[in-house]
Every structure is written in C-alpha cells, then in structure tokens.
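Asks: Got chain A; can you put chain B on it based on the hints?
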Amino acid sequence: MKPDTTQPLTLAQTWWLLTTGLAAFVPLVPQVPIWLAALTAAVFVWRAALAWWRQPLPNRWILVLVTLAGTAGVFLQYRTLFGQRAGVALLLIFLALKQLEARTPRDGIAIVFLAYFLTLTQFFEDQSIPIAATMLATLVVATAALAALTDARTSPLPLLRRAGVMLLQAVPFMLILFVLFPRVNGPLWGLPTDAYSGLTGLSDSMTPGSINNLIQSDAIAFRVKFDGDVPPRNQMYWRGPVLTQLDERTWRPGKMIRVSALPYTPDTSSPAYRYTVTLEPHNKPWLFALELPTHLPPDSFTTTDFQLYAKKPVRERRRYEMESRIRSRHDPETLNQLASALNLPQQLNARTHSLGQSFATPGSSDRQRLQQAIDFMRKQQLIYTLQPPLMSANVADEFLFDHKRGFCEHFSASFVILMRAASVPARVVTGYQGGELNPVDNTWVIRQSDAHAWAEVWIEQQGWVRVDPTATSAPARIEQNLAAAVPAGDPLPFLSGAGLDWLREMRFRWWAVNNAWNQWILGYDPKLQRELLEKIGMQSPDWRQMTAWLAGLCGTALLILTAAMLWRRPPTDPALRQWQRFCRRLARHGLARHNWEGPDDYAQRLAAALPAKAPEISRIADLYAGLRYGRLDPVALEALRRHVAAFKP
Amino acid sequence: MLLALRRSLNEQFIRWALRVRPPEPTPIHLTQRRVYVLPTRAGVLYAVSLLTMLIGAINYNLSLGYVLVFLLGGLGITTILHTFRNLAGLTLNIGTPKPVFAGDVAHFPVILHNSDHRTRSLLYLRLPEQAAIIADLPPTDHTRVMLPLPAAQRGWLILPRITLDTVWPLGLVRAWSYAAPGCECLIYPRPADAVPPAPTFGGMAGGRLASDTGDEDFAGLRRHQPSDPPHHVAWKAAARQDSHAPLQTKQFAGTAAQSLWFDWATLPLSMDAETRLSILTRWVLDAESDGLAWGLRLPGKEITQGHGPDHVHRCLKALALHEA
Numbered sequence: 000m001k002p003d004t005t006q007p008l009t010l011a012q013t014w015w016l017l018t019t020g021l022a023a024f025v026p027l028v029p030q031v032p033i034w035l036a037a038l039t040a041a042v043f044v045w046r047a048a049l050a051w052w053r054q055p056l057p058n059r060w061i062l063v064l065v066t067l068a069g070t071a072g073v074f075l076q077y078r079t080l081f082g083q084r085a086g087v088a089l090l091l092i093f094l095a096l097k098q099l100e101a102r103t104p105r106d107g108i109a110i111v112f113l114a115y116f117l118t119l120t121q122f123f124e125d126q127s128i129p130i131a132a133t134m135l136a137t138l139v140v141a142t143a144a145l146a147a148l149t150d151a152r153t154s155p156l157p158l159l160r161r162a163g164v165m166l167l168q169a170v171p172f173m174l175i176l177f178v179l180f181p182r183v184n185g186p187l188w189g190l191p192t193d194a195y196s197g198l199t200g201l202s203d204s205m206t207p208g209s210i211n212n213l214i215q216s217d218a219i220a221f222r223v224k225f226d227g228d229v230p231p232r233n234q235m236y237w238r239g240p241v242l243t244q245l246d247e248r249t250w251r252p253g254k255m256i257r258v259s260a261l262p263y264t265p266d267t268s269s270p271a272y273r274y275t276v277t278l279e280p281h282n283k284p285w286l287f288a289l290e291l292p293t294h295l296p297p298d299s300f301t302t303t304d305f306q307l308y309a310k311k312p313v314r315e316r317r318r319y320e321m322e323s324r325i326r327s328r329h330d331p332e333t334l335n336q337l338a339s340a341l342n343l344p345q346q347l348n349a350r351t352h353s354l355g356q357s358f359a360t361p362g363s364s365d366r367q368r369l370q371q372a373i374d375f376m377r378k379q380q381l382i383y384t385l386q387p388p389l390m391s392a393n394v395a396d397e398f399l400f401d402h403k404r405g406f407c408e409h410f411s412a413s414f415v416i417l418m419r420a421a422s423v424p425a426r427v428v429t430g431y432q433g434g435e436l437n438p439v440d441n442t443w444v445i446r447q448s449d450a451h452a453w454a455e456v457w458i459e460q461q462g463w464v465r466v467d468p469t470a471t472s473a474p475a476r477i478e479q480n481l482a483a484a485v486p487a488g489d490p491l492p493f494l495s496g497a498g499l500d501w502l503r504e505m506r507f508r509w510w511a512v513n514n515a516w517n518q519w520i521l522g523y524d525p526k527l528q529r530e531l532l533e534k535i536g537m538q539s540p541d542w543r544q545m546t547a548w549l550a551g552l553c554g555t556a557l558l559i560l561t562a563a564m565l566w567r568r569p570p571t572d573p574a575l576r577q578w579q580r581f582c583r584r585l586a587r588h589g590l591a592r593h594n595w596e597g598p599d600d601y602a603q604r605l606a607a608a609l610p611a612k613a614p615e616i617s618r619i620a621d622l623y624a625g626l627r628y629g630r631l632d633p634v635a636l637e638a639l640r641r642h643v644a645a646f647k648p
Numbered sequence: 000m001l002l003a004l005r006r007s008l009n010e011q012f013i014r015w016a017l018r019v020r021p022p023e024p025t026p027i028h029l030t031q032r033r034v035y036v037l038p039t040r041a042g043v044l045y046a047v048s049l050l051t052m053l054i055g056a057i058n059y060n061l062s063l064g065y066v067l068v069f070l071l072g073g074l075g076i077t078t079i080l081h082t083f084r085n086l087a088g089l090t091l092n093i094g095t096p097k098p099v100f101a102g103d104v105a106h107f108p109v110i111l112h113n114s115d116h117r118t119r120s121l122l123y124l125r126l127p128e129q130a131a132i133i134a135d136l137p138p139t140d141h142t143r144v145m146l147p148l149p150a151a152q153r154g155w156l157i158l159p160r161i162t163l164d165t166v167w168p169l170g171l172v173r174a175w176s177y178a179a180p181g182c183e184c185l186i187y188p189r190p191a192d193a194v195p196p197a198p199t200f201g202g203m204a205g206g207r208l209a210s211d212t213g214d215e216d217f218a219g220l221r222r223h224q225p226s227d228p229p230h231h232v233a234w235k236a237a238a239r240q241d242s243h244a245p246l247q248t249k250q251f252a253g254t255a256a257q258s259l260w261f262d263w264a265t266l267p268l269s270m271d272a273e274t275r276l277s278i279l280t281r282w283v284l285d286a287e288s289d290g291l292a293w294g295l296r297l298p299g300k301e302i303t304q305g306h307g308p309d310h311v312h313r314c315l316k317a318l319a320l321h322e323a
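The listed protein sequences derive, respectively, from chains A and B.
Numbering that gives the first Met the number 0 applies: residue 0 is where the first sequence begins, and numbers increase by one.
Numbering that gives the first Met the number 0 applies: residue 0 is where the second sequence begins, and numbers increase by one.
In isolation and in its complexed conformation, chain A is listed as follows (with noise of 0.2 Å):
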C-alpha cells in the first residue's frame, strides 16, 4: 500500500541528484585533501558522462573498488577512519559512489539525506554568512531533488520554486527553535582529538617566525567595544601568554602559579576603561584584556605573572566584560621568581651577554641600565620588518650587531637577553598591540596580524614596567599600524594594506554585519539566550518553561500556516451563500445537488423528493435564478434569505 519507490530513476531524477551531489561537495572542497576533492570531482563526472549518453551504472565490484581505494586513502591521510575530519571524508566518498549506484529513487532518498549532512559538516571550519548562504542554496537544490523523486514528471524550475516557497514557510519555524530551544553548554560528550584543530592563535612558545607566520593571517582574534573612554591606541596592548623560560631560541611560559585573588592592586587614580571583549575560539586557555585588568571574567582564573586563564580551551566565542586600569600597583614578588626571570643560557648570545653586563656596573640602578638599553637600542637603528633574514641561534647577537633587521619577536627577546645580562628581572610578553575601528558599529577588531611580542622589566619599588622595544625603533608600529611600520616594497596581509575609502568603508560595513552575525547568531549561548529571553518578558527561564514557550508559540505557527494554507475563499455573492446554504441542509439528507445541475433542475428533483415542500423549494430556486442571473434585489434577497431560514427539508 506504499508508494512505489522501486521503479528505476528517470533521466531527470539522475540529473537531480547528480545536483544535489555536486552542491553538498563544493562547498567542502576547500576543507578536504586535494586527491579526494579530485577523486569525488572524477566520480562525478563519470557519473554526468554515463547519464549524458544513456550508459549502464557501472558493475557493483568496481564500486567496491573505488570504495576501498577511497578509504584506504582516508586511513593514510588521516591515521584513523572516526575522526571528525576522516569521518567528513568518508562521508563525501559514500556521496559521491551512491551517485554510480543509485538506481530507484529510494537510493536517491539517500543521497538526498547525505547531501543534507554533509551541507552540516561544513559548519565544523566555518560558520560565516557566505557559508550560511551556500547553505541556503544547497538546501533549495536538494530539497528540489527530493520532491522530483516523487515527481518526476514536473520541471526544474516550478520544483526549484515549490522547495524555496516550502523552506521559506519553515523560516518561523525555524526561527521560533532557534531562540527557544534549550542551549546546552556542549559538547555532550569527547570529541574526536581533532576537533579543533582549523583554529588559530597565539601559541605557548615563541620562537622567531612564530609571530610572524600568524601575522600573515587576517582572521580576527577578537572585537572590542568600548563602553566610554577609549585609550589611545599606543596604550592597547592586549595582554596574552607571558614567556619567562628561554631553552636556546624557543621562550616558554614560567612556572604558573594560579592564585585566586589578583596579584596585583589597580590604582584608582589613574583612568579605568570599560569594555566587552568577543573573543573567537582559539583552542588555548588564555584571554585577552587591557593591560592591566581590575576583576577576572567568570569561569577565569590568574597567575603570578598576570595572565588570564579561562579554566577550559577557548573553543567557542566568548564573550565577557572587562575594566582595566593602566597604571597598577604590584606587591612584591617572591625571590625565585625573580630569579627564574634572569636565567640565560649561557654559551649563546655571547655579544649580547657582554653588552648586558657592560650595563651592570656596580651602584647602577635598574632604571640607569634599562635606560642604557634603550639608548642601545635606539643607537643600532634596527630595522621593523616582516622578512627578517635567516638566523642562527644566537638570535640576539646576529640581531643586535649584524642584521640589525627583525620583527617585535627580535626586538622583544633580544631586549629581555639584555637586561637579564645586564642582571634586571625581564620577561617576554605576547599579545595583541592595537586593532582597527569600526565606525560603523564602533568597534575594535583586532586581528592576528595585530600580534605582537614585548617585554616587562622588574623594577624595585616600581614592580614590572612594559617596556616595548619595538616602539623605541619603530614608533608607527604602535602609534599607527603594521603597514605604517613596514617599508614600503614589503608584502603585507591583505587586509592591512592602504587602500581605496569606498573599499574600506564597504569593509568597515561588512565587518559590522559579521560582528553583529558573530555575536547574535552564532554567539547565540545559553547565557545569551537566558539574557534575551529574560528582556522579552520571560522568568528565570529553564528548559521547561523554554519548552512550554516553544510548544506555545509552535503550535500558533503551525495553527496559522494550516489556517492560510486550508481557507477557502467563501463566495462573494450574497445569493450564492444563501443558496449553498440552502444546498448544504439537503445534502444532510441525502439530496445533495449535483455539479451539473442548474437552480432549476435541481428544484424539479427536489420536488420530486420531497413533494410536500415543493412550493416552496420552487420559490427559493426562481428567487435564487432571478438574484444570481438578474439584478441583485435586495427585498428578493432578503426574501430568499427568510425562506432559506425557515426551510425544513
């Protein structure tokens, strides 16, 4: 009693599916291994060729053939078949294989069903609003797939039209679930140890190149806005992880010591600053703020050296809001820290060594050798830039005395050599420097390519001092942006370059419609839902009462929609009404008119039926011809409407 779903696919039907295929993979083509991109590519075509001159699908074993080579393949990318990333590509290989052996409809269902899937592992690399929109199409290709396997003699476009309109009334649906139905902080269980491995940020360590691989990047680290004063640029510096340990080349993070109240007390006379920071997932524990922070974020703990912790990787936006004070006061720190922020690798660096513990004359305050640093510094006329050339392991030393040419990682580790030569606590810091106004929506986008590395010198009675070696060479890196620092001929990312004002203002508006994307949609957690739903008028909202609102509001679009779906449109005609009226009270008793029949004939059968009342089934029928083929009467109206009332069949 089904539907049948085995009689073989028409030629149609093939292409629709072929389609379908094709919209789930190009949009993922970006995110898998080039050999299987071109491999699902070739299957397609093959598949296009024996449609396109009516060839028999190909034998099943060579299905199976093509399936092994495909997932021996995905083994030997990716060491394992349950990965998110192999488990996309299996997937893709199965979509691309049902389309040679796809041979009812009930196969194309499949495929169907697969392209939708498929059209949700994209979202793991990237949720952006192009990607919403190819989501969108995709979704109309394939939905039109489907309502073609059970059509199959309608033609593209009215079945391109009936998906859209059907998906255009799921939107309130869609909508209403969207807001209301209960978030869970995911995930609910391990995931797979790739999960987020497309993620990009600042790392532990730093070793020269490191900064400047991820200042290539475009991608955004995280928005600012800032609730009041803003401070001047050249005071933005967006502390990250603080780099203690130097092994040959490589800093690494100190001992971290987590302690729960702030290691430090913000002084209140200088100007605090309000904010909200929108962090993007990074995969590492740290969070940014202004130097230096007056309270921690929720779920964040601190460390002796002032970093900001989240207790779990950031893997999803976060959003939190910070004050910051820029001058602070530290308490005095323990011996060994101290110490453990003047160890040296002694054999490397020998130039600098020297340099250092030339400035470490006895009596010499810390301040005195700090300032003879710079004055070095400043002396050397070290040259910013992105294309540092190639050095050894003594960093500092080919640095400071041969190239003279480097990037905030040079200038910031062979600074902190200095001055622990030269006998005074310093330490690496890394972070983000800077960032760019939106005017449009007033905020700050800082970027990857905004990463930068400085330093923090220990000085009695004063405590750590940032110190930007950077700024003392290249001023317009701080005070401007990497492309003022830069000379002019070096490459820069994209994004950073000068370049026309409508170009830039149409970017200023994008970023603003991403940012708002960023935070409404796809920062859409439970925190934000318990916010929103909250100031629309709901009490403490729990899962139950969502439930409730979302069975509610459901069954009022459900309620509508059958509503416009199913009304009919009654009759305009006064007489017309009375007469079905009329029609309908016979129809109860088993005369009901026919279609054919006209007024009269229909009286004349009525009569027959029921001669007691055929006087006056006679005078409702000639009332009713008169009104309905004559003029509209308004005392035979409501003459006809009077009889049709009393009428008792």
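In case anyone wonders, no lab produced these hints; they're calculated from the structure.
None of the values given here were measured: they were computed from a predicted structure.
From the three backbone atoms N, C-alpha and C, an ideal C-beta is built for every residue, glycine too.
Be aware that one or more of the hints could be misleading.
Unchecked claim - From the structure, some residues in chain A lie toward chain B, with a derived Cβ separation under 8 Å:
id, residue
1, Ile108
2, Phe112
3, Phe116
4, Ala131
5, Thr142
6, Leu145
7, Leu166
8, Val170
9, Ile520
10, Leu557
11, Leu560
12, Met564
13, Leu565
14, Ala591
Said to hold, decoys possible - Derived DEER-like restraints, expressed as beta-carbon distance ranges:
id, chain 1, residue 1, chain 2, residue 2, range
15, B, Leu8, A, Trp60, 43 to 53 Å
16, B, Asn9, A, Phe646, 39 to 49 Å
17, A, Pro633, B, Leu8, 50 to 60 Å
18, B, Asn9, A, Gln538, 26 to 36 Å
19, B, Pro108, A, Arg587, 23 to 33 Å
20, A, Ala151, B, Pro108, 21 to 31 Å
21, B, Asn9, A, Lys311, 51 to 61 Å
22, B, Arg117, A, Gln603, 27 to 37 Å
Replies: Chain B only, in chain A's frame:
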C-alpha cells in the same frame, strides 16, 4: 496469527475511519476529519537524520548547525500540511461502469472534483490488491479516472472500498483517506469457447453464410416487431393498407425461415449451470454478430425474439443474474 490480528485491526480502523456505514451517498467530500497523515519510511529516516544532525550541532556547538536542523525540521512540518492539503477537500463522484464479461477487467469511472484554486498532484487511487491509478487535478476542475478491477464471476461486481493516498510533494509523509461509494458493475457470463451448434440452424457456418446472402432471398411477410431493422419493413405493403393496419416485415431466406430460440432446457442435463450460461452467452453473441434475431428461454424467464445492442444487453443481463 499476528498477520490476521493486524489485518483485523486494520479493517476495524478503516471502518472507524470511514465514519459512515458503506455504501456512502455520493458525492463524497473528503473532509479534513477523514484524511489521515503518517510519515512514510523515508519520513522516519528523515526524522532520524535530523536528530543525528541536532546532536552533532549540540556537541560541536554549531550555531549554523542549529539553523540548518531547525530549518529542515520546519520543512518537515510544512510538508505535512502540503501533503494533507493535497488530499483534503477533494470531492469524489462515481459513474456507471460498462458491463464486461467474467474474466475481463471491469473499469469503474471515478470523477474527482477539485474546487480549490490550486493543482492537486499525484493522487493515488487504489482498490484492494490492485495497482494504483495516478490522478492529477488542475485548479477548479475535475478529472475522470477508471479504476480497473478484475471480474472473476458473473453477476454484480461491487466496487470495493477505494483508498486515496498521496505523498506529494516530498515523499516524507503520506496522507490517505477511504471512500466507499455504492457502485456495482454488471458482469456477463464468460462466453464459452467450444460450443455445440445453436439449436435451430443446421450449423454455425451454414447460418452465417445464409445471412450473408439471404437479404436478397425474399421469403414472405410477417408481423412487424419493434426490434426489426427499418429497411426490412414492407413499406410498399404498408402504403397499400390503411393506416391502422400493423406493419409487415419482409422475411428473407436464412434468417426468417428459422425461428431462433436459445433454450436452457435444450442443453444436455449433464452440463452444469455455469457451462450452460456460458454456451448461451456465446450463442447470443454469435447470433448478434451474424445479424440474426433470437429469443432466450431460461427457467422462469423468457425473452422474446429480437436483436440489436439493447436486446443483447437484456439477454446477457438475464444470463448474468440467473439464479441457478
């Protein structure tokens, strides 16, 4: 056992679903209350896929994943309405089926009326254990479909309950309804293949040949019968007589000489009733195709001599409904 239980439950449901005791008066309006909706196998698979995707979206915290799943969920809801609307509100009328011979296929004409301003597509009409007939209905129009039903036995073939269903537009849900209009198709007995010669003419071949040439062989006049062909009326004779005199029919050799009576009683007693009816049916058909006039005698019933389509129908109906 289980199958029997299932079948009986299904039957119970259908009886409840019909809401009226069959046969229903026509036209039958498929009101919203008698149209039922359930997901198809593909629909269940769709729901399971969506659930999997939802878990994926929660687990990986994919906001766009939520958007996708909820949009597809909404699509699932709207497709229920579309499928339901494709069937609900349909009006069904039944025509008079043409009689057929036992062993042939009877066709019941069903007229579907669409009073809505949109097309209804891919409606499946089926009779129990028969293949479905597909119908499409343009806006505010009607269409006629013929429901085939094999006729096994002579007599009245009662139109069984009609199931109307549709999975349009996406095949994810199925809307269906039942209609049990009262309609019967007359089934003539199956004409026998091998027949003994008809009683009053010497042989099949002889009788037919005689009629082929017999029109020229004038053999006299007899009293006119209404079923006689007009060109056999003796118009000249009528003109000579006064206007109240009965018309005369010219009799020709080959037809007129024999008085054809197909009589139940002349068939051997060893034959069973159905075989006799079959043979009589064959004789009737052969006589008509040979252009002969004949009469039929059945136990308790006699049909006077005549010919022509109406006469054939009268005779075959008597044979079809004969109570052995």
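Asks: Each of the hints needs a verdict: does it hold here or not?
Replies: Evaluation of the provided hints:
no.: 1; hint: Ile108; in the structure: holds (5 Å)
no.: 2; hint: Phe112; in the structure: holds (5 Å)
no.: 3; hint: Phe116; in the structure: holds (6 Å)
no.: 4; hint: Ala131; in the structure: holds (6 Å)
no.: 5; hint: Thr142; in the structure: holds (7 Å)
no.: 6; hint: Leu145; in the structure: holds (5 Å)
no.: 7; hint: Leu166; in the structure: holds (6 Å)
no.: 8; hint: Val170; in the structure: holds (7 Å)
no.: 9; hint: Ile520; in the structure: holds (6 Å)
no.: 10; hint: Leu557; in the structure: holds (6 Å)
no.: 11; hint: Leu560; in the structure: holds (6 Å)
no.: 12; hint: Met564; in the structure: holds (5 Å)
no.: 13; hint: Leu565; in the structure: holds (6 Å)
no.: 14; hint: Ala591; in the structure: holds (6 Å)
no.: 15; hint: Leu8(B) / Trp60(A): 43 to 53 Å; in the structure: holds (45 Å)
no.: 16; hint: Asn9(B) / Phe646(A): 39 to 49 Å; in the structure: holds (42 Å)
no.: 17; hint: Pro633(A) / Leu8(B): 50 to 60 Å; in the structure: holds (58 Å)
no.: 18; hint: Asn9(B) / Gln538(A): 26 to 36 Å; in the structure: violated (49 Å)
no.: 19; hint: Pro108(B) / Arg587(A): 23 to 33 Å; in the structure: holds (26 Å)
no.: 20; hint: Ala151(A) / Pro108(B): 21 to 31 Å; in the structure: holds (26 Å)
no.: 21; hint: Asn9(B) / Lys311(A): 51 to 61 Å; in the structure: holds (55 Å)
no.: 22; hint: Arg117(B) / Gln603(A): 27 to 37 Å; in the structure: holds (35 Å)
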